[in-house]
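Turn these sequences into a full structure, and let the hints guide you.
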Amino acid sequence: MSTVTTISDTSAAFLTHFEANAGSLFGETNLRRKAAEAFAAQGIPTRRTEDYRYLNLELLLKKSFGFRTELMRIPTSDDVAKLALVENAIVLVIVNGVFVPQLSSVDNLLAGLKINTIADAVVTDQTCAAHYAKYANVNSDPFIALNTMLASGGVFIHVAKNAVIDRPVHILHIADNEVASVFQPRHLVVAETGAQIAVIESFESIGPVKSFTNALIEVAVSENAVLDHYRIQAEGPAGHLLSTVQGSCAKGSLYNTYTFSLGGAWVRNNVNKVMAQAGAEAHLYGLYLLNGSQVCDNHTIVDHAQPNCLSNELYKGVIDGKATAVFNGKIFVRPDAQKTNAYQTNKNVLLSDDASVNTKPQLEIYADDVKCSHGTSTGRIDEDALFYLRTRGIGQESARRLLIHAFAEEVVDKIKIESLRIFVEERITAFLG
Amino acid sequence: MISIKNLHASVEGKEILRGLNLEVKAGEVHAIMGPNGSGKSTLASVLAGREAYEVTAGEIKFNGKDLLGLSPEDRAREGLFLAFQYPVEIPGVSNINFLKTAISEIRTYRGLPPIEPKEFLAMVKEKQKLVELDGKLANRSVNEGFSGGEKKRNEIFQMAMLEPTLGILDETDSGLDIDALRIVANGVNKLRSAQRAFIVVTHYQRLLDYIVPDYVHVLYNGQIVKSGTKELALELEEKGYDWIKSELGEKAGV
Chain A
1 MSTVTTISDT SAAFLTHFEA NAGSLFGETN LRRKAAEAFA AQGIPTRRTE DYRYLNLELL
61 LKKSFGFRTE LMRIPTSDDV AKLALVENAI VLVIVNGVFV PQLSSVDNLL AGLKINTIAD
121 AVVTDQTCAA HYAKYANVNS DPFIALNTML ASGGVFIHVA KNAVIDRPVH ILHIADNEVA
181 SVFQPRHLVV AETGAQIAVI ESFESIGPVK SFTNALIEVA VSENAVLDHY RIQAEGPAGH
241 LLSTVQGSCA KGSLYNTYTF SLGGAWVRNN VNKVMAQAGA EAHLYGLYLL NGSQVCDNHT
301 IVDHAQPNCL SNELYKGVID GKATAVFNGK IFVRPDAQKT NAYQTNKNVL LSDDASVNTK
361 PQLEIYADDV KCSHGTSTGR IDEDALFYLR TRGIGQESAR RLLIHAFAEE VVDKIKIESL
421 RIFVEERITA FLG
Chain B
1 MISIKNLHAS VEGKEILRGL NLEVKAGEVH AIMGPNGSGK STLASVLAGR EAYEVTAGEI
61 KFNGKDLLGL SPEDRAREGL FLAFQYPVEI PGVSNINFLK TAISEIRTYR GLPPIEPKEF
121 LAMVKEKQKL VELDGKLANR SVNEGFSGGE KKRNEIFQMA MLEPTLGILD ETDSGLDIDA
181 LRIVANGVNK LRSAQRAFIV VTHYQRLLDY IVPDYVHVLY NGQIVKSGTK ELALELEEKG
241 YDWIKSELGE KAGV
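Quick mapping for you: the protein sequence lines, in order, are chains A and B.
Under our numbering, residues 1 to 433 are what the first sequence spells out, in order.
Under our numbering, residues 1 to 254 are what the second sequence spells out, in order.
Simulated from the structure, these hints should not be mistaken for laboratory data.
Some hints could be false.
[Stated by the list, open to error] Restricting the straight-line Cα-Cα distance to at most 27 angstroms, the calculated cross-link-like pairs of lysine-lysine (BS3-like) are:
no., chain 1, residue 1, chain 2, residue 2
1, A, LYS416, B, LYS136
2, A, LYS134, A, LYS34
3, B, LYS136, A, LYS414
4, A, LYS114, A, LYS251
5, B, LYS5, A, LYS416
6, B, LYS100, A, LYS414
[As the list claims (entries may be wrong)] Beta-carbon label-pair distances, calculated as ranges:
no., chain 1, residue 1, chain 2, residue 2, range
7, A, GLY321, B, GLY175, 40 to 46 angstroms
8, B, LYS129, A, SER77, 53 to 59 angstroms
9, B, GLY111, A, GLY433, 24 to 30 angstroms
10, A, ASN139, B, GLU12, 54 to 60 angstroms
[Claimed, not checked] Per the computed footprint, the stretches of chain B lying under chain A, defined by three or more beta-carbons under 8 angstroms from a beta-carbon of chain A, are:
no., region
11, 77-87
12, 101-109
The beta carbon of each residue, even a glycine, is placed where N, CA and C say it ideally should be.
Spelled out as C-alpha cells, the structure:
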C-alpha cells in the first residue's frame, strides 16, 4: 500500500510496537487492527498537516521515546496526597497510562456510581462495550487512532439513571518513568439519563525524564444528564501532553468542560463535542498560562448536528517569555441544526515581545436560522488601566498582577468546586510571581 | 502644599505647557480654567505622572518633595489624588478589592499598620453616602458598565476613601447632568478641610457655582495668563475666552 511506503520511521515504530504486542493488549484485537490501519493511513502529523502545523511532532517523537509503561517506581501515597486537588473526591490514580488500584479509592463507592478498569469493563460490562470507541473516530485524527491502537489502560465510569453523585471523581494522571516514554491512557464516562456528576482529570509528571502522554477520554452524556468535566494540566517541564476529549451530548443534556493548562513543556488539547440530539447545551471554558518556551495548542470542535442546541466557548490565555499559544475553534452547524445558538470567544494577553499567539475561529454554517458569533482579541496589558491603578497608590507590579488576575478570573469564576477554584487561583498567583 | 515653577511639558514632541507657575496652600481651592487645548488636562496628567507626558523644564514641590522624581504610585502614597476626566473600566477587579489593595499599599508606604477589615467596611459604608453611591456599585468591577455620572461619583468616592492632601479634579463636570453635578460637588465640599487642597480643572464656570474656589486661574497656551478670585470665573462665563485672547493680543501689541 502506498500509505505504508510513505510512512515515517516514527509512525512505523508505533505500528511495529503494536504488531509485537497486539496479543497482550486489552479488548478486541479487531478494533485495534482497524485503528492501526487508520493510523497508518494518517501517520504522525508533520508541520504540513494543517491541524498540527504549530507542533513539530515528528521531531519530538523521533527523539527516543520508548513504550515502557511498566512501573519503575510506584508513587507513594504521599505523592498522591500532594497531588490531590479536591477534598472528598474519589481519586483514581493512573501512573504511566495504567490504573493503579492500590493508590485509588475504589471501595466504598456511592449508589449509582460504578467504576472499573477500562480493560476489565470493555470485556465484562455490556454498557462499556457498547460505548467504547463509539465516539472517537479513528479516521478523524491520528492520535485517536494511535490511542485506540495502543491504549494501555484507564477507567470506565458509569453513572446510573437519575443518580446524582455529590462527590467529584478525580482521575489523577502521573507520568513518572526512568526512560522517555509514550503513555496512552484511555477512559470512558457514561452518564445515563438524568444523571449528574463532576469529573476532574489532572495531569502531573514527576521527575526530569521526558514523557509523552496521548490521553483520550470519551464522554457520553445521555438525555437530561449534567456533566462537569474539569481538566487540570500541570505537568513539569519534561511533560508533553496530547489530550483528546470526545463528547456526545444527548437531548436536553448539559456538558461543560473546563480546561486549565498550567504546566508542561507542551500541551495539545482536542476538545470535540457533538450536539447529537436536539436541545443539548455545552460550555467550553479554557485558561492557559504560559511561560518560557511552553507551547499550548487548543483545538476545539463543536458539531451542531441537531436543532435547538446551545454551545458557548470562552478561552483565555496569558503568554509570557517565548511561549506560543494556539487556538483553533471549529463550529459546524449542520443543515438540520436550525435554531442553533453557538458562541465563541478567545482572548489573549501577551506579556513579552517574544510571546506569540495564533488564533483562528472556523465557523461552517449550513443552516439558515441560527445565532452564531465569534470574537478574538490579543493584546498587551491595558496601559490606561495600569496607570489608573497606580494613581491610586497601587505599585506597578501589583497593579499588573491585579489586572492579569482579573483577566483570568472570568474563566476561573466558572469553576463550581470551591477547593478546585482555590487551587487554580493559587497557580495563577504563583505564575505571576 | 504644592509649588509649580516654570513647568514645561510636551507630548510626542509638541510643547503644551510653556512655563506654568502655580502655588497652592493647604485648605485652598484653586480653579484652573481655559479654552480647549490650553493645557488644562496636560497639567492634571503631568501632576499624576502619566508617562506619555515629558517634562522638559521646571520643578514641582509637593509637601517639600520633588514630585517629578516620584512614580505615579508614590505620588498617590504621598497624598496626591487625580479624579480622571475619563475613569477607566477595569473588568474583573472589584471596586472593594481595588480600594483595599490601594489603602493597604498606601498604609505600608506610610509605615502604618494594615486597616482592620471591620474598620475598612465601616469606612466604605460611610464614604459611599458622601456621593450617594449605591452599595451594589461598590461590589461591582471598577467602573464597568457604570453610567457617566456613576463613574464620576466613583472617582469622588475613591478620593474620600484614600483621603489625599491634594485632590485634582480633571473636568469632573464634563458629561454630568445638573443632579449628578450637584451630588459630585457636594461630595467634594464635604471633603474640604484646612489640611486639604484642591485643584479644580474645568472648562465651564458651572461647576464653580457648587465648588466655590478661593482662586481662579486662566490657562492659555500653556501658561497661566490671568489669576483672580471667583469673580474672574463669572467674568469669563460672561465674556467668553475670546476676551482673554484679545486682551492678551492688546498686551502683545503694546
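Discussion item. Check whether the Cα positions of LYS5(B) and LYS416(A) lie no farther apart than 27 angstroms.
Written reply: With a Cα-Cα distance of about 57 angstroms, the restraint between LYS5(B) and LYS416(A) is violated, given a limit of 27 angstroms.
Worksheet entry | Restraint status (C-alpha distance of LYS134(A) to LYS34(A) at most 27 angstroms) | Holds. LYS134(A) to LYS34(A) sits at ~13 angstroms (cutoff 27 angstroms).
Discussion item. If you count the residues of the region 101-109 of chain B with a beta-carbon closer than 8 angstroms to a beta-carbon of chain A, do you get 3 or more?
Written reply: holds (count 6)
Worksheet item: In this structure, is the beta-carbon distance linking GLY111(B) and GLY433(A) contained in 24 to 30 angstroms?
Response: holds, 26 angstroms
Worksheet item: Taking 53 to 59 angstroms as the hint, is the beta-carbon distance of LYS129(B) and SER77(A) inside that range?
Response: holds, 56 angstroms
Fill in: Given hint LYS414(A) paired with LYS136(B) - CA-CA distance at most 27 angstroms
holds, 21 angstroms
Discussion item. Need the status of pair LYS416(A), LYS136(B): alpha-carbon distance at most 27 angstroms?
Written reply: holds, 23 angstroms
Practice prompt. Could you say whether the range 54 to 60 angstroms given as a hint is met by the Cβ separation of ASN139(A) and GLU12(B)?
Written response: For GLU12(B) against ASN139(A), whose Cβ atoms are near 58 angstroms apart, the range 54 to 60 angstroms holds.
Item to complete: Starting from LYS114(A), check that the Cα of LYS251(A) is at most 27 angstroms away, please.
Response: holds, 23 angstroms
Worksheet item: Counting residues of the region 77-87 of chain B with a beta carbon closer than 8 angstroms to any beta carbon of chain A, are there 3 or more?
Response: holds (count 5)
Worksheet item: Per the hint of 40 to 46 angstroms, is the separation of the Cβ atoms of GLY321(A) and GLY175(B) within bounds?
Response: holds, 42 angstroms
Practice prompt. Take the C-alpha atoms of LYS100(B) and LYS414(A), compute the straight-line distance between them, and say whether it is at most 27 angstroms.
Written response: holds, 24 angstroms
In this structure, the one hint that does not hold is number 5.
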